[in-house]
Structures are given as C-alpha cells and as structure tokens.
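Fit chain B to the given chain A structure using the hints.
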Amino acid sequence: MTKESFLNQLREVLESEDVKKNVIEETLKEYASMIDDALESGESIEAFIKKMGTPRKVAKALAKDRPGRRSNRLTALSPFIATILFFFSGVLFQAWHPGWLFFLLVPITGILTYKPIQWRGLLIFTILIVFILVGTSTNLWNPLWSLFLLVIPQSQNKKNPNLNRVAMVYTYIAVAVYHVAVIYFGFSFIGGSQELRNLYLTLSLLVFLPILLYGFWNGSIQIRLDLDWKNPKTVKDFLLNLTLVGGITIGYLVLGFVWGWGWWHPGWLVFLTIPMVYILIGNKRLSLTGLMPFIATILFVLVGEYLTIPGQTSAYSLSWLFFLLIPIVGILEKGR
Amino acid sequence: MDHLKTELIEGFERELRRGSLVLVVLSVLVEPTHGYDLLRKIEQAKIEMDTDTLYPLLRRLESQGLLEGKWDISSNTRPRKVYALTALGRSLLSAMKKIWQQYGKNIERIIDHD
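Residue numbers (the working numbering), protein chains in the order written: chain A, 70 to 405; chain B, 17 to 130.
Isolated chain A, as found in the complex:
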C-alpha cells in the first residue's frame, strides 16, 4: 500500500461513514503529515498502519466518536413497545404472523434516532417488511426478492454522482420491468414449455448483472474489505467473503428458481448464516449468546411456518417463545 492508496481508502470509508466534510479534510491532511513523518523516519507504510490502524478501523473509530445520538430512551423502549404490539395483534386479531414484524421496530427506531439518519438502512428494513408482508399474502416471493437490489445505488458514489444517478434510474426500471414481466405476464408472452420459460426467466436475471457489478464497484456490496493482493491474510478474507456471500446468494436463487422449488420463503433465512459464520470465525471461543438471535429467528420462522398446533390458527402464536432463548442462553453463558 502507498500513502496515496491509504489516503484514498481512508477518504472512501470516512465518506461512507457519513463523517462531516471538514472532519474528513482535516483527518486526511493530518494523516498525510503523519505518514510523511513515518516514512522520513525510515518506517514502512505497513508498520505505520499496524500502529495507527487500517483506514476502515480509523473511520469506524471516528464515526463512533461522532456526536449524533439524540436519544437512547426511545431505542431502549422500542423492544417493549414491539412486544406489546406483537401480543396485541396476536391475541386480538390472531395476527401472530406477520405481527412479529413489529420487532423490526427495534432496529428501525435505532436508525431513526441516530443523526444523520441512515436512509440506506431504513430502506433495507422497509423492503424487508414489504418483502415478507406482500410475499406471505401473495406468494410472489419471486419477483419480490429483486426489491433488495434497490439498496445498491443508495450508497452514494461521491466521485461520480452522475453515474450514481444513472445506476439508480437503471435499477428502479430493471426491478419494475422484472416485476411486470413476472407478475402480469408470468413470462407467458414467451410461449413454449415451462422449462423454456424457466430458462428465459433465469436469463432475464442478466439484466441485474450491471447493478451487481456497480454494487461491487461503489462498495455497497462489500466483499473487498481491505484487500491487498500481497497480503495473504486479506486475500484469504476476500476469498472467504466471496465464497460465503456469493455462495449463499446463489444458493438462495437456486432454492427459488431451479427445479421449480419456489423456496423464496423461508429460503431467505439462509442469509442469516452470513453473520453467524462471521461470529463463529471472529471469536476464539464459541459464543452461543452472539449466535442466538439468528438461531431463534430461524427456529421461529420454521416452526411458525411448518408446524401445526391443535387449537391454534398459526404456530407463530407459540413459536415466538424461541426468542426467550436469547436471554436464557445469555444468562447461562455469562454464569458459566
């Protein structure tokens, strides 16, 4: 890595963390000066990074120190509000499912009470709610999954805002056209056999390829974390990220498309394995507490979806109990 590439990376991650412009300029100026000092004293840039942190670490630390949190009170209250709403909708209207979506209020409140508001994060949760609500009521998991692609151009590319605008327009049109093609025509306008239509459907996914490539380029799909081809560790991390994220995405599309399985739901649960893998490899010791929110969600959805309980309209009315595993395991592990 050179001084220039370090500073470029630092600028990129500081911008992506929404650090104020004057702070970015000041930080870059000072880092440039410190790197010059390090190089003059015979130190390598790698040694400097080892002492002062990678651009990502520095940016994260600066963003963490940024004054922005307005009030934690609402965030702290949100789990209780979500639980009350969940029980209210379940007991009064038997809407255990999709009433559990009220729990998404917890991260959404977190996003809304943080200044500046992370619109990208808000969009992800909004799409997730639309995906599950519309998906469960219409079973149109395909093409609904493609809504998640709308997140990609939300990561502002400040170097080239015009290209970002083009990417945004292209993504919205591509997703809209894909929805119309699948929902209204079911690809029937192509004619031919179901297998042939499946093939066309699969080929139509190529329309999304530029969006994915743009996502890799602008950093909104981040599998290129601090990649340095000369450094075996970063290459190993890159390959792991690529295999994990790519493999699971392909796996999800296979579950949804191939052989007419149509497992869009609850196939999306496979994405929860991504944070689980990072927790497993990031800790020296197995931490069940960290894994439990994901395990509980998987159990909650699978049991809620597939189990039939006599006298209950939906197994979701009881499967929420899996969420109690989170504090139970936490207490047990802490007391060990």
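Incorrect hints may have been included.
[Unchecked claim] When the alpha-carbon atoms are kept at most 27 Å apart in a straight line, the in silico BS3-like pairs for lysine-lysine are as follows:
no.: 1; chain 1: A; residue 1: Lys-126; chain 2: B; residue 2: Lys-86
no.: 2; chain 1: A; residue 1: Lys-119; chain 2: B; residue 2: Lys-97
no.: 3; chain 1: B; residue 1: Lys-57; chain 2: A; residue 2: Lys-126
Worth flagging that the hints you see were computed from the coordinates, not collected in a lab.
Below, chain B alone, put in the same frame as chain A:
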C-alpha cells in the same frame, strides 16, 4: 483452563490500557507535540495501545476542550498539527495523576501483602 487464563490476562491488560490511555496522552502532551511524535513517545515508554485509538482520541479530547490543535506552519519543515494542553486539560491531568498515584499505592499495598 490455560485458554481461560490467557483470556482473563488479555482482558485485564486491555482494560488497563483503555483506562489509562487518556492519562498517558495528556501526560505526553505537557510539552506540545505533533501526532506522529506523540505516537513515538508513547512507544518509547513501552506503553501498548490499541491501533486506531490514538487519532480519534486526539480529536475527542480536542472537542472536549482538553487539547488545542494548531497547524504549525512557521518552521522550515512541512506543516504539522501540534497538540497542546489547554488550562482544562492541565487541570484534568493533575487530578488524574493524583488519583492514579493514590490508586497505585493502594494496589501495591494489597499485592505486596501476598
């Protein structure tokens, strides 16, 4: 068992480093110093730090009014941002030193008792 011991020792050292970092930085900055020089002085004192903490810490202390950072463009060398303690910073350092020394004495009394 060994694993647990190592983990506990690492945790102990980490907590100590975190808890004493502000005191270390303020102590070094009794003499106005620029960023890289500050890092070297801390290293020379054989005090370990978590990477990525120093620069954000300087910014935080500056925004809290404990430090004042000024770009030195008067000398013949390249411009460098030099940090110096403010009156509030000096007063905090003096209070922190007293607490540290007293606490250190108390701890020593306990551990020497072994």
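Checked hints:
1. With a C-alpha separation of about 25 Å, the suggested pair Lys-126(A) and Lys-86(B) falls inside the 27 Å cut-off, and the hint holds.
2. Note on Lys-119(A) and Lys-97(B): the hinted pairing holds, with a Cα-Cα distance of about 21 Å set against a maximum of 27 Å.
3. Pair hint Lys-57(B) plus Lys-126(A) holds up; C-alpha atoms about 22 Å apart against a cutoff of 27 Å.
Of the numbered hints listed earlier, not one is contradicted by the structure.
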